[in-house]
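Protein chains in written order, with our numbering: chain Y, 0 to 324; chain L, 65 to 368.
To be clear, the hints were calculated from the coordinates, so they are not data collected in a lab.
Nothing false has been slipped in among the hints.
Label-pair ranges, simulated between beta-carbon atoms: (1) D178(L) <-> T78(Y): 51 to 59 Å; (2) A122(L) <-> E65(Y): 46 to 54 Å; (3) D166(Y) <-> Y364(L): 52 to 60 Å.
Virtual Cβ for every residue (Gly too), placed ideally from N, Cα, C.
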Amino acid sequence: MTGTTTTSSSSPASGSGAVLLRTRTRRSTGEALIRVLLAAAATVSVLTTVLIVFSLIRETVSFFGEVPLADYLLGDKWTPLLGGEQQSFGVLPLVWSTLYITFIALAFAVPVGLLSAIYLSEYAPTKVRKTIKPILEVLAGVPTIVFGYFALTFFTPEFLKGFLNLDIASNNQLAAGLICGLLVMPIIASVAEDGMSAVPAALREGAFGLGANRMQVAIRVVFPAALSGVVAGIVLGASRAIGETLVILLAAGNGQLLPNGPVTDPGEPAGSMAAFIAGTAGGDIPTGSLEYETIFAVGFTLFLITLVLNMISIRLVNKYRQVYE
Amino acid sequence: MSTGKQIADAAIANSAIPAPDGTARVKQGAFKSLMYGALALAILGLVLLLGDVFNDGAGKISPELFTNQPSKIRPETSGFQSALIGTVYLMGIVAFLVVPLGVATAIYLEEYADRTKWWNRLVEVNIQNLAGVPSVVYGILGLAFIVRGPLSLGRTIVAGGITLALLVLPVVIIVAREAIRAVPPSIREGSLALGATKWQTIWKQVLPGSIAGIATGVILALSRAIGETAPLLILGAAISPRINPSLDNEVLTAMPLQIFNWTRDSEVDKFLPLAAAAILVLMVVLLMMNSLAIFLRNRYEQKW
Chain Y
0 MTGTTTTSSS
10 SPASGSGAVL
20 LRTRTRRSTG
30 EALIRVLLAA
40 AATVSVLTTV
50 LIVFSLIRET
60 VSFFGEVPLA
70 DYLLGDKWTP
80 LLGGEQQSFG
90 VLPLVWSTLY
100 ITFIALAFAV
110 PVGLLSAIYL
120 SEYAPTKVRK
130 TIKPILEVLA
140 GVPTIVFGYF
150 ALTFFTPEFL
160 KGFLNLDIAS
170 NNQLAAGLIC
180 GLLVMPIIAS
190 VAEDGMSAVP
200 AALREGAFGL
210 GANRMQVAIR
220 VVFPAALSGV
230 VAGIVLGASR
240 AIGETLVILL
250 AAGNGQLLPN
260 GPVTDPGEPA
270 GSMAAFIAGT
280 AGGDIPTGSL
290 EYETIFAVGF
300 TLFLITLVLN
310 MISIRLVNKY
320 RQVYE
Chain L
65 MSTGKQIADA
75 AIANSAIPAP
85 DGTARVKQGA
95 FKSLMYGALA
105 LAILGLVLLL
115 GDVFNDGAGK
125 ISPELFTNQP
135 SKIRPETSGF
145 QSALIGTVYL
155 MGIVAFLVVP
165 LGVATAIYLE
175 EYADRTKWWN
185 RLVEVNIQNL
195 AGVPSVVYGI
205 LGLAFIVRGP
215 LSLGRTIVAG
225 GITLALLVLP
235 VVIIVAREAI
245 RAVPPSIREG
255 SLALGATKWQ
265 TIWKQVLPGS
275 IAGIATGVIL
285 ALSRAIGETA
295 PLLILGAAIS
305 PRINPSLDNE
315 VLTAMPLQIF
325 NWTRDSEVDK
335 FLPLAAAAIL
345 VLMVVLLMMN
355 SLAIFLRNRY
365 EQKW
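Next up, chain Y with everything else stripped away, as it sits in the complex (with noise of 0.2 Å):
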């Protein structure tokens, strides 16, 4: 509040016409300048976008113009390090283990996020919420490298092969599904609860009212009327699983060698587009050469698919708040 004053006293309350008309034109000068350094800095996220887009089509453009375009999409070999005749660019295998790593992650987290929501939202007494969101805030703001470690070094050897006694490789698809899934849970828990917390409590009470429990109005009522705060939570954490990187550079291999098709066996070793692509690029692969291309068009692929995908999320929460705010 202190400002105010300030505000107000460096403001000429007095004076010639003169003076005022200069003081005003010196003060537009300087507002309107203002207001194009803020555009401008506005447009640095614009240009990233831009450059993204212009960076990735750039090298995928020369990638197809050595591989032709029918054998990335359709080939179910992907070999694309090694020499000669072994070379194969069919996508399909990373594509595939990136959905079913996605896809493991999703059967863990979309019930038990959206089952922490409904807890969170609906049933917990206001002590027990504020104790558990901060974990999940918690949970969600560890680094992936640790969940990787984490997967690496505990939850397949000590926890799938020694507690479950399963018979799977040290790098495979079940332990980075699952794990993925430990990361995007909250991420799904907490978009689907700031839906559910939105529904009007008029919609409640009147099920209460009519004499449903606890349990109906949860699920029959803000359940679906919350559903798009729901989805969008969902799309969100595959989205977030699709791009998701050292899990699974880790725990199910880099996604270099697939040369048996699609991985369907969720102990073996396989990788994803992420992995594929920050397991490749480290090295001095020279500019222009084809193993730098082919990062290029797998990040372009998986720029895509998380772009689509992301598109839907927005989509479904700006449409929940108009709704409800």
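Following the hints, put chain L in place on chain Y, whose structure we already have.
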């Protein structure tokens, strides 16, 4: 909500509505146990995660860890000094770039942009989309434009900092916008009525009123950037360098990268305790940053 429940309970008690029969009660009980089970799984996951890291790394924490350079052969004398210095540099560069850019963009969108213009709507949708772009894609951008290509900065700490700044910029913008929007219009109108210009109003009323929220956003963005590994990996970061990164050498390293190297190279498990110890240090820093954000939010948040 509770009033509705009370009314419903009272209605059931005082009227001819039949009390919930056995099956309904069983169903409700089962649903409740499902919810408790889900929460227990989530919390168990977190406890196991933290417990595993603590168990592996706590014994390894020592002053030498901070003062020694990483070694590829001798885990007993290996430290993570270069990685720690790298992370400090990266955080400095990211903060230096995202604070002005993020706040300026947020001010533009909230105070100046005319939402009926397609250009401004494009900027908005674009920022929401950028927030969902996978971090590897930012790594590709960094590789193609910053490390190589037009900027050609090489594998430097500055290249890493710029890449991470672009990655977390949407976070700062989105949180700062919320904070600016929370300042009520009456504050702006009062200031304008007293003769202040638009910019004076923003600088002396809106920004001081939203500083807590903006600071929270910046800390949130930094805590995301501090744990990012994938983009730096793509830029071609150094593996366990024994030289500290600086503004004029080509040493790109950071704590999460060092953790990744130690985790990946550990065929014989020799370096795993080091990785766990580094994770513990990183987690403590993150916890301090988050506590600072909560403190700022509670201490300086304006109630209008």
